[in-house]
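Residue numbers (the working numbering), protein chains in the order written: chain A, 1 to 330; chain B, 1 to 243; chain C, 1 to 232; chain D, 1 to 289; chain E, 1 to 450.
Misleading hints may appear alongside valid ones.
Said to hold, decoys possible - Distance windows between CB atoms, simulated: (1) D:Tyr157 - C:Lys67: 56 to 62 angstroms; (2) B:Thr73 - A:Gln279: 37 to 43 angstroms; (3) A:Gly102 - D:Leu64: 33 to 39 angstroms; (4) D:Leu64 - C:Ser55: 49 to 55 angstroms; (5) A:Gly164 - E:Gly147: 28 to 34 angstroms; (6) E:Glu318 - D:Leu64: 45 to 51 angstroms; (7) D:Val149 - A:Lys202: 46 to 52 angstroms; (8) C:Leu61 - B:Phe15: 42 to 48 angstroms; (9) E:Lys185 - A:Met89: 22 to 28 angstroms; (10) C:Ser217 - B:Asn22: 42 to 48 angstroms; (11) B:Lys76 - C:Asp13: 34 to 40 angstroms; (12) D:Leu3 - C:Thr98: 44 to 50 angstroms.
No lab work stands behind these hints: they were computed from the structure. Idealized CB from N, CA, C, for every residue including glycine.
If you want the building blocks of each chain, they are given just below.
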Amino acid sequence: MGILALVLLVVYFLPLTVFARHILVLTLFYAFMGTGWNLMCGYAGRLSLGHAAFVAVGAYTSLLLFSHFSLTPWIGMIAGGLVAVVVMMLIAYPSFRFGLIGPYFTLASIAVAEIVHYLLIYGRDLTGGSLGMSLPYVKETTIINSLINLQFDGKEPYYLVILGFWLVGLLVTWKMERTRYYLEAIREDQDAAAALGISVNKNLIIAACISAFMVAIGGTFYVQYFRYIDPYSIAGFTLSLNMALVAVIGGSGTLFGPTIGAFLLIPLTEILRMTLGAQIPGLHLFLYGILLVVCIIFLPKGIASLPGIIRAKKAKNDQKPENQASKGVL
Amino acid sequence: MAEKILAIENICKSFGGLLATNDVSFNVNKGEILGIIGPNGAGKSTVFNLITGFYPIDSGSITYKDQRIDGLTPDKICHLGITRTFQVAKPFPGLTIADNILVACLPKAAKVSDARAKVDEVLKIVSLDKKADVLGADLTTLERKRLELGKALATNPEILLLDEVMTGLKPKEMDDMMDLIRELKKTKTIVIVEHVMRVIMNISDRIIVLDHGQKIAEGLPKEIAENNAVIEAYLGRGAKKDA
Amino acid sequence: MLKIEKLSVSYGDTQVIWDVDIEVKEGEVVTLLGPNGAGKTTLMKTICGLVPAKSGGITFLGEDLLKINPWDRPKKGVVLIPEGRKLFGKMTVEENLTIAAWKEEGKKETLEWIYDTLPRLAERRKQLAGTMSGGEQQMCAIARGIMAQPKLLMLDEPSLGLAPLIVEQVFDLIQKLQERGITVFFVEQFVEQSLKIASRGYLLEGGRIVLHEDSKSMLNNDYVRQVYLGIA
Amino acid sequence: MLLQIIASGLLLGGIYALVSVGLNLIFGVIKIVNLAHGDFLMMAMYGTFFLYTVQGINPYVSTLIIFPAFVLIGVLIFRLIIKPLLGKAETEVNTIIATAGLGFVLQNLALMLWKSDFRAIETNLTGKSYEFAGIMLSAGRTWAFVVCVAVAVLLYYILMKTKVGTHVRAVSQDTEAATLMGINVNKIYTLTFAFGIALVGLAGVILTPTFYVYPTVGLYFNTMAFIIVVLGGLGSFTGALIGGLIIGLIESFAGVMASAELAQVFSLLIFLIILFVRPQGIMGKSARV
Amino acid sequence: MKRFIGILMLVVFMMVAVVGCEKQPEADGDKAAGDIKIHVGVIEPVTGPQAPLGQAEYDGIQMAIEMINEKGGVMGKYPITFDFADSQSDPAIGASEAERLITSKGVPVLMGSYSSAIAAAISEVAERNKVVLWEMSGAADSLLLKGYEWTFRNEANASAWGAESVEFIMGNDAAIQEKLGKSAKDLVVAIVHEDGPYGAAVADGNRATAKKYNMNVAVDEAYSAKSVDLSSIILKIKSANPDVLLLTGYVNDGILFNRQAKELGLTVPILITHSGGHSVQAFVDGVGKDADFLMTVDPVPCNPNTEGFSAEYAAIFEEFVSRWTDKFGVPPYHHVEYRQFAQTMLFFNEIVPAAIEASGEFTAEAVAEAIRNADIPAENSLMGHGAKFSTPDKPWTDPWLGNQHTGQNYEARAFINQYFDGTLVTVWPENLAKQEAVLFLPAEHPLARK
């Protein structure tokens with residue numbers, strides 16, 4: 001992880017175009033979101049396709065606090081995270097209590113996100129309805145004020161911020177080693193886990209809450225970075241799906257899976273849109289869809305499982321005289 | 001008289017209309033091996049499920065060291081010191097054997113590293129040390145049994161509830177297992193549900209016989225072997241259970 | 001009739017069946033004994049194609065069974081009544097029975113025979129299979145197998161979880177099958193009872209056949225007596 | 001007025017039910033979540049549209065073309081995408097992701113082929129209604145309702161009374177036992193998937209005269225279809241019908257009594273509550289998966 | 001783990017290589033007049049739910065640029081080039097693409113962007129990067145209430161459309177008195193709108209103006225344009241039995257509303273829709289003859305009397321109609337394509353030349369300055385109204401809601417067009433009207449009150 005952070009810090013100093021930096025920020029953003037998603041949905045195996053609800057709750061909370069009370073987003077994001085945790089508890093507790101698993105949990109999560117989406121539109125007096133809200137633009141002269149308001153003119157500071165978030169996210173996941181093991185055990189066999197003294201509901205709820213908290217913080221970053229949110233983009237199905245996609249394609253239930261997925265998918269979508277989006281409408285998303293399907297069929301455990309597969313292949317090949325090169329796979 | 005560590009009093013449990021456990025009472029004494037026998041469907045596993053909190057009891061009480069434990073969740077009961085194995089072994093299929101054991105060590109370990117340190121030791125006890133990196137899903141039934149026992153041991157329980165751990169073992173292995181259980185008896189109390197008569201008669205300090213959800217006999221192995229009700233209900237049907 | 005040669009089976013990297021040779025002749029009742037985890041169920045499943053073989057061969061009436069799709073094997077006459085019955089719980093008894101009858105010819109007669117032999121099932125023909133008692137379910141499962149008009153009927157622990165009285169009925173039924181001209185190959189826990197109705201027995205331990213004798217000698221075999229009959 | 005609200009709600013429910021029947025079949029038997037469900041609906045609507053505008057084929061007649069065509073498409077999709085994913089630990093997640101990808105493919109294929117324009121057709125039923133004791137019944141929706149009931153009855157008959165239907169039910173309950181009984185599970189899965197897709201196709205055909213089509217029209221039916229399937233109970237077609245009708249009524253009443261904007265929130269909340277207290281759905285018999 | 005990190009690093013560098021290699025845009029520095037390169041960015045949603053109209057808008061923009069370039073470009077000598085980006089109907093992607101056009105393509109001007117939500121997201125980016133956003137279709141008022149310096153809107157804001165319809169009714173007091181036997185201000189009004197930013201803003205205008213005249217607003221309802229059923233709202237309208245229905249929606253819900261209204265037997269004497277859904281070809285295709293006699297309030301006179309334009313613009317209009325008809329088979333008498341064409345034309349024919357003449361360059365600053373100083377007479381704009389823009393120093397306060405708009409063309413107004421034989425014709429105001437308005441739905445219309 002240290003090496004990784006170092007590499008990404010080096011990238012910071014490379015003379016990149018603004019857009020390349022923008023893609024890096026987006027990539028790290030999704031790597032962070034995927035990591036948050038992964039905690040509950042990957043390790044504990046409760047597939048949520050409604051995590052955008054928590055992103056939205058976090059984003060709107062910190063934005064409302066900022067625009068009405070000029071509260072710094074740093075505190076706002078904590079507040080947003082806490083509100084998201086409360087919302088998560090409302091759904092997670094009954095879900096786990098009533099043992100909702102499999103597609104039922106997924107559908108419940110979609111329903112929750114839809115409800116949040118509709119309520120954001122309906123509460124237009126507070127949230128601006130479907131037009132969304134803009135972040136009040138504070139022109140700052142000092143770095144300190146920029147930092148307090150988490151508003152910068154260039155991309156670089158955002159890059160550092162999201163790099164930090166992502167690192168913290170990874171670190172939190174990494175540090176939660178015990179809980180991770182518990183969650184995996186619960187995913188694999190709930191009864192067996194309980195018999196070993198693992199509190200199923202407690203651990204699930206911990207995972208769900210941290211997960212919600214993390215993506216809610218991501219929501220605040222989203223606000224500060226795009227300076228504009230609306231229910232469609234922040235509580236919509238696309239965002240939920242994207243979080244799941246980076247994690248699943250990368251390898252859900254692994255520490256680096258979501259990051260790997262984000263580093264593959266996000267630049268890819270951007271590049272596809274950049275090169276093909278203006279030519280034939282729809283071609284880029286068409287290809288993206290095909291890629292997803294192919295990826296899932298051939299790497300059902302995600303890209304993170306690739307080294308294992310290669311190793312297994314190699315082990316088999318080593319028994320035979322010819323030794324195949326395994327580098328060409330990526 | 002030995003010190004009573006677990007008291008089961010008048011527990012009843014029914015599923016739908018079927019009375020799975022009907023007014024069963026017995027005590028477990030500290031440091032003993034208590035055998036529970038009975039034909040298939042007699043309610044042996046149900047008793048385990050009730051003690052460990054997987055099913056709520058309909059009536060009656062379960063007391064462990066002066067503390068009522070009926071109504072507690074399985075994980076809390078495990079924390080108090082009662083761990084069970086499952087008749088149909090439940091490995092975590094997606095985890096390696098080492099991780100399976102690690103997960104079991106964790107709840108009672110202060111640090112993850114402590115738990116990790118304990119894994120090898122447990123693996124050796126159940127002779128799975130050579131399979132540490134194999135996934136739980138890829139085990140044979142026999143290995144699953146061993147893993148099941150290993151996981152239960154890893155929680156370091158005071159009372160160990162073993163549900164048919166002998167099944168599937170060869171005579172030599174059975175002897176080893178019996179030695180192991182006798183060894184465990186030095187530090188733990190063991191309740192064992194078993195089919196293999198040779199084992200149960202050899203190893204148990206006391207035996208309880210269940211039939212159709214009711215306790216029909218209780219006593220020393222010798223007494224049980226001579227008990228008419230037991231012979232009629234269980235042993236006397238011409239065929240003994242193989243394993 | 002059924003000939004298994006040098007059969008090996010593995011799950012993933014773990015081999016569970018090692019070079020097993022078994023032969024069942026037409027009209028015979030053969031039992032496969034062994035402790036749990038020995039690979040009995042796996043062997044049964046392999047014969048039916050639910051588990052792929054790693055190496056070796058299975059021929060049935062001279063035909064290579066491994067080349068036939070699992071779902072076509074019943075049509076060749078090989079039918080397994082699986083462990084745990086696996087009835088279609090949300091279907092009626094009659095639906096469960098008729099679903100297996102892939103052949104119209106003889107279907108009615110077989111059904112009548114079943115209802116004659118097992119009057120309980122006739123009474124409950126319209127009841128959902130999942131709501132019956134364990135014994136009734138087991139009878140229904142065997143009956144379902146018979147409906148496929150098999151040449152070779154395999155049973156995996158038909159007595160599992162049944163009350164002793166029912167177990168006897170099950171063994172009675174197995175004997176009746178033989179009278180109907182069905183070859184039977186079954187896995188059992190009740191060693192003594194099994195060997196009484198079977199002509200030959202195989203003992204599977206740790207995925208290998210360790211003993212193969214006719215029933216009488218097996219019953220008198222010291223090892224079997226000691227380990228499986230609890231007679232020292 | 002009250003009767004009119006009920007009537008409108010029921011007709012809307014009929015449409016919801018019709019759209020969700022195919023999903024119910026696939027979800028109930030193969031136990032996968034097909035996120036591209038609405039996109040198949042969209043493809044069928046385009047098919048109907050072009051058959052009408054280019055060939056002049058009446059939408060109800062084009063069922064005869066769309067239905068078999070969608071059976072073929074269903075077989076193809078199953079073979080190519082679904083089957084490789086089945087029977088693994090990750091099946092559940094991966095089928096969701098794969099069908100989401102398939103959704104992208106279908107939407108954008110439609111976009112590339114037929115442009116993004118809204119397309120709607122006028123038939124002799126469009127905008128017409130039957131008046132019954134002062135209650136106005138939309139002609140198109142009434143027929144959709146009739147078709148929906150007919151499909152539910154027909155499906156019930158097929159599943160309960162025919163050999164294939166029994167096989168489908170057997171497979172949905174226990175694939176292993178079904179194989180042992182000589183049922184080709186793979187074939188039944190293919191058949192179910194194809195038939196499920198074809199039923200979505202049918203729904204698309206029936207919807208076209210009262211609706212409009214554009215590449216992402218399916219998105220709006222997706223969530224609703226899932227809600228109804230779960231609400232009604234897996235594999236229960238009477239359940240799907242009743243679920244659809246309930247949601248239709250809720251939306252109709254909520255729309256008039258409260259606000260049209262909140263109508264969906266109400267149905268989603270009801271859905272969540274049902275999910276918690278009765279996960280097997282209103283009519284379903286099986287418990288949690 | 002090490003291998004993972006290796007793979008990750010590889011991917012990072014792969015990505016950096018692909019994206020990072022793009023050249024930094026050359027700064028548009030001081031150049032000789034001949035070197036002026038007119039390069040802009042165009043953002044429209046051509047995929048996703050908003051694609052149907054987004055594509056039509058893009059077509060309108062392309063046609064305007066094509067026509068100008070055929071004449072040698074801006075001022076006859078500077079050909080226009082543009083980079084196009086697809087916002088995928090998603091504000092976040094719109095913002096992201098705007099970012100890309102600005103930073104890696106170096107465009108000083110962005111044009112677009114279809115929906116108000118996407119416009120809001122893009123205007124943020126424009127503001128931060130100090131690039132002009134020439135917004136041609138995001139009509140919601142709130143877009144320009146934030147004091148932004150770099151976003152400009154030439155067309156009327158959405159609430160002005162809503163105000164226009166009520167004013168139009170008030171202006172027809174005599175006819176109403178005659179037909180309905182009550183004065184215009186005693187009419188029972190139903191306001192129904194989709195709940196998006198644009199629908200809500202139009203309804204704000206409806207509501208505020210109706211309130212001004214003390215009208216009786218019996219129904220005031222929002223619905224989601226995604227809805228697959230509008231029967232509950234139609235039943236609500238039906239039971240209120242209004243004299244005037246002011247309807248705002250998109251195409252799909254517009255078609256659905258029409259069909260369900262017919263099915264449920266809704267009738268109303270006066271029906272005024274506010275463009276978006278009703279003033280597009282797809283709507284006519286969808287409802288056929290039912291479109292006839294519907295009035296739509298649009299920010300452009302869709303099929304005006306060209307005597308209101310200068311000779312040059314009258315000719316451009318004629319050419320546009322014939323070209324479009326040749327290319328797409330139907331005339332462009334609908335607001336989406338026309339609006340984009342007219343405003344693109346205005347921008348390159350009036351604004352950009354002024355900028356080049358004033359500062360000798362095509363930069364964001366020059367263009368913004370030209371817009372701020374613009375005073376374009378109505379006859380030189382195909383929009384049918386003149387152009388003068390408010391600025392943060394001199395905001396414009398709209399008379400019905402009292403909001404302060406910056407970057408808004410305060411000369412802008414809305415127009416009323418009406419369908420006759422499937423074609424929209426401008427009926428209001430009089431100087432651009434081609435035909436006289438038919439205020440009450442005639443008996444042959446299915447929604448007419450008998």
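Verification of the supplied hints:
| no. | hint | verdict |
| --- | --- | --- |
| 1 | D:Tyr157 - C:Lys67: 56 to 62 angstroms | violated, 38 angstroms |
| 2 | B:Thr73 - A:Gln279: 37 to 43 angstroms | violated, 59 angstroms |
| 3 | A:Gly102 - D:Leu64: 33 to 39 angstroms | holds, 37 angstroms |
| 4 | D:Leu64 - C:Ser55: 49 to 55 angstroms | holds, 52 angstroms |
| 5 | A:Gly164 - E:Gly147: 28 to 34 angstroms | holds, 32 angstroms |
| 6 | E:Glu318 - D:Leu64: 45 to 51 angstroms | holds, 48 angstroms |
| 7 | D:Val149 - A:Lys202: 46 to 52 angstroms | holds, 48 angstroms |
| 8 | C:Leu61 - B:Phe15: 42 to 48 angstroms | holds, 45 angstroms |
| 9 | E:Lys185 - A:Met89: 22 to 28 angstroms | violated, 53 angstroms |
| 10 | C:Ser217 - B:Asn22: 42 to 48 angstroms | holds, 44 angstroms |
| 11 | B:Lys76 - C:Asp13: 34 to 40 angstroms | holds, 38 angstroms |
| 12 | D:Leu3 - C:Thr98: 44 to 50 angstroms | holds, 46 angstroms |
Comparing the model with each numbered hint stated earlier shows that hints 1, 2, 9 do not hold.
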